[in-house]
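Enquirer: One line per chain: the protein sequences are V and E, in this order.
For what it's worth, our numbering labels the leading residue of the first sequence as 212, then goes sequentially.
For what it's worth, our numbering labels the leading residue of the second sequence as -13, then goes sequentially.
Calculated from the structure, these hints are not laboratory results.
Take these hints with a grain of salt, some might be off.
What the hints assert, rightly or not - DSSO-like mimics (lysine-lysine), calculated; alpha carbons at most 30 Å apart, straight line:
1) K306/V - K229/V
2) K221/E - K414/V
3) K262/V - K281/V
4) K306/V - K221/E
5) K431/E - K410/V
6) K221/E - K298/V
7) K407/V - K431/E
8) K282/V - K233/V
9) K414/V - K277/V
10) K282/V - K263/V
11) K407/V - K282/V
12) K262/V - K410/V
13) K431/E - K263/V
14) K221/E - K281/V
15) K233/V - K263/V
16) K364/E - K387/E
17) K364/E - K431/E
18) K221/E - K277/V
19) K263/V - K277/V
20) K431/E - K229/V
21) K233/V - K221/E
22) K221/E - K282/V
23) K281/V - K233/V
24) K410/V - K353/V
On a predicted model such as this, the values are computed, not experimentally measured, just so you know.
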Amino acid sequence: MSVEREKDKSKVHRLSLKGSAKYVAEFFQYSINTILFQRGVYPAEDFTAVKKYGLTMLVSSDDQVKAYIKKIMTQLNEWMIGGKISKLVVVITSKDTGEHLERWQFDVQIFSKSSSKKSSKRAVDKENDVPEPSSAPPPAEKTEAEIQAEIQSIFRQVTASVTFLPQLEGDCTFNVLVYADADSEVPMEWGDSDAKEIKNGEKVQLRSFSTSNHRVDTLVSYRVGE
Amino acid sequence: MATAVSTPIKSHTGMFSTRTAGGRMPLTPSPRAQTTTLPLNKSSPFTPERNVSDAESIKVSSKSTYGGNLSSHFSKSSRATHRDSPKSNIAKSAQTPRRALELGVSDFTLTGTGCKTPGSSRSRKGPLRQKPTKTTLAFGDRFIPNRTASSAIATVGSGKLDLSDKQRPKTSGGESSSVLASGADDALAAMGSLSLDDEDESSTYSRPSPNTVAYQDSLASACGVSLNQRILAFKPAPPESTKPVDLRSQYNRPLKNANTASAQFRRRVATAPERVLDAPGLVDDYYLNLLDWSSGNQVAIGLERNVYVWSAESGTVSSLLETGPDTYVSSVKWSGDGAYVSVGLGTGEVQIWDVEEGTKLRSMHGHDTRVGVMGWNKHTLSTGARSGLVFNHDVRIAQHKVAELVSHTSEVCGLEWRADGSQLATGGNDNLVSIWDARSLAAPKFTKTNHKAAVKALSWCPWQPNLLATGGGSYDRHIHFWNSTTGARVNSIDTGSQVTSLRWSPHYKEIVSTSGFPDNSLSIWSYPTLVRNVEIPAHETRVLHSCLSPDGQMLATAAADESLKFWKIFEKKAGASSSAAAVASGKADMAKQMTIR
């Protein structure tokens, strides 16, 4: 039953949703790289500059890191296309104390998802499927350039955030968390985790961007220095 | 779902069995049992008395806020049947004479701080209860004050988990276990009242492997978030950082240093030779010095018995001289004005030639071993020989030998006058570097023993007169930098291969080294950062000699592969008024590109 509905849904949304999901996933990839660079998780020499979103983005050129991120991204892509993800979180953790120091959270809203989610809960209620396309908010027509401009401003903010984020002391490492629907398929490499929230952290909401199908909000929380 | 329900049921049965067995019993033990199991209950010592005393006092029923919550929860939940009695009792308790106290307590609990609440809440609940239920309630009380705080949920959850763990071994419901179980139920109840979605929560609790910390934490956070979600972490550990990162230095890195990171932004160095000439018959001998470039832009090279002069301007080659068949050319050196070439021979003879005329001006004898290296200082020609002796010749006078510099015990292969002529540096096969003061040549001013192999490569820094660079042979592979005033070693580089020559750039703060085995390359090093800017695989065999063009832009290298190559490695930037400015502007560009970090 649910499979059928999945199919229906995908017929309606597939193209635009897929494209949008890819776009968002790509954004995540650059976000992770940018965070790793800006916060010094890896040495700056490991990064090379590439042009993206009309900015000079720094992406890791270290083979191991590249492979690591790629592995994450492959799965993320899949989840994104399936609309399974509501948050992506990059947590920076101190290697010395194991304390979570910084938490970059990207909230994903899928515009057409909210209604479909509800209906899926109500199991076999097919009635809900009919109004779905119309009930979804009419996708705001945005040009590629507008979306890019929004993304640009996010990265500018991420870059600028080093001015208010506390100095990261000592060696740090990072983890990628994903808030996925309970029914998502979970590959071996992924496992349940706590939210790795920052205790008594301060939060700063950064900008957001939206495509026709997704809206991504950005939030950084960090430990307040003593 | 099934499991979730089963736990409560089990506990109930336990509870009821105890009740029927003999109601009194659970009362007293229960608080103690709790204290052992639940660290939360610090006030437990008080509870038994209160319970007992209160137990008789009141059985009135009206619904407090707490009772309301609980009861509503129970009405929601499927397992309500047994529960109703104890919980409704709780509800009733609210109306007791003690109520005033309770209210105070409850206010207090609302504002926070778990520590004091257990005792007070206990007093509140105690009064109403029949014994068996009382125990459960007493336990349940602990959690009630916590309801407001989400963090408490986590503790509730953990409490439950602990309990259930401890419960298992006891199995058949001893009293304490029943107490525990009921406590667990209350914990669940408390949670249930908090969350919107009972089913999901209980199902999460019922998961088979609940006793990991991560799991508990995830519960806590899950309560704040939608329960249809799982938080998934990418489990493999991220790759280690290749080196420790100090962000402080990285924030201003683009402005500050010319270190490794910015190598990609450094000036471009042409890695292909500008020109390649054949040098047939070039003797493959590290200890000779057969190549020199004059201030008049002519290149002299010694090839076996001949000396050729190649004009860099016209590109024409002329043979200057050919030695007798019994010897060979072991060194060539232009005089400072570029008019004369001194030629050292294998016999120890030193000849001076007028290049313009193509005639020999004079021969100077004195060495009885080959002269492998020479250096001009105005009219003084210093010659170093295989014997280890260095002579200074005044080429203007008949008695040309004016000084004998005795220091080296083995062949002298490196010799370089400082530009101002006040100091002379010599290097030898005895691994020594000697620095001489031109005014007192009886003994070297400094003798340095740091090199572990022959020292052929010597070069005085053009912008810092007392800075000398010396490079060691294949066993040594180091470049050392010396302060020739104090004799201190100020820097060192391990190049990884035999250093055959060193040349400072007059325009950039850089030095180029040529190497023999194993790299056969040119390396350009920034000074004083000692960063290798570029390494050019220059020749197929070891680079033997090098010299800079008079304008300082071009390097000529001669190698054992019998070729002479010209490299434009210190090219001046077009339009740049000074090299320093060029470097600075390059850095500014870089800063722009790097953005902030």
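Enquirer: All hints are to be evaluated individually against the structure, with a verdict given for each.
Expert: Do the hints match the structure? See the list:
1. Restraint check for K306/V and K229/V: the C-alpha separation of about 37 Å exceeds 30 Å, so the hint is violated.
2. As the CA atoms of K221/E and K414/V are separated by approximately 26 Å, the hinted pair is consistent with the 30 Å bound.
3. Restraint check: the Cα-Cα separation between K262/V and K281/V comes to about 19 Å, which is no more than 30 Å; the hinted pair holds.
4. For the suggested pair K306/V and K221/E, the alpha carbons sit about 16 Å apart, so the restraint of at most 30 Å is met.
5. Between K431/E and K410/V the alpha-carbon distance is near 66 Å, which puts this suggested pair outside the 30 Å criterion.
6. Only pairs whose Cα atoms come within 30 Å are accepted, and K221/E paired with K298/V is accepted, the gap being roughly 17 Å.
7. Distance check on the hinted pair: K407/V and K431/E sit about 66 Å apart at the alpha-carbon level, beyond 30 Å; violated.
8. A hinted pair counts as satisfied when its Cα atoms are at most 30 Å apart, and K282/V with K233/V qualifies at roughly 15 Å.
9. Restraint check for K414/V and K277/V: satisfied, since their Cα atoms lie roughly 29 Å apart, inside the 30 Å limit.
10. Only pairs whose Cα atoms come within 30 Å are accepted, and K282/V paired with K263/V is accepted, the gap being roughly 21 Å.
11. Of the pairs offered as hints, the one joining K407/V and K282/V holds, with about 21 Å between alpha carbons and a cut-off of 30 Å not exceeded.
12. Restraint check for K262/V and K410/V: the C-alpha separation of about 37 Å exceeds 30 Å, so the hint is violated.
13. Taking the CA atoms of K431/E and K263/V, the gap is about 60 Å. The hint is violated against a cut of 30 Å.
14. With a C-alpha separation of about 14 Å, the suggested pairing of K221/E with K281/V holds against the 30 Å cut-off.
15. Simply put, K233/V and K263/V have alpha-carbon atoms about 15 Å apart, close enough for the 30 Å limit, and the pair holds.
16. With a C-alpha separation of about 15 Å, the suggested pairing of K364/E with K387/E holds against the 30 Å cut-off.
17. For the hint linking K364/E to K431/E, the alpha-carbon distance of about 21 Å falls within 30 Å, and the restraint holds.
18. With a C-alpha separation of about 16 Å, the suggested pairing of K221/E with K277/V holds against the 30 Å cut-off.
19. Distance restraint check for K263/V and K277/V: the Cα-Cα separation of roughly 17 Å lies within the 30 Å cut-off, and the hinted pair is therefore satisfied.
20. Using a Cα cut-off of 30 Å, the hinted pair K431/E and K229/V is violated, with the two alpha carbons roughly 78 Å apart.
21. For the hint linking K233/V to K221/E, the alpha-carbon distance of about 23 Å falls within 30 Å, and the restraint holds.
22. For the proposed pair K221/E and K282/V, the alpha carbon gap of about 11 Å is at most 30 Å, so the pair holds.
23. For the proposed pair K281/V and K233/V, the alpha carbon gap of about 14 Å is at most 30 Å, so the pair holds.
24. Restraint check for K410/V and K353/V: the C-alpha separation of about 38 Å exceeds 30 Å, so the hint is violated.
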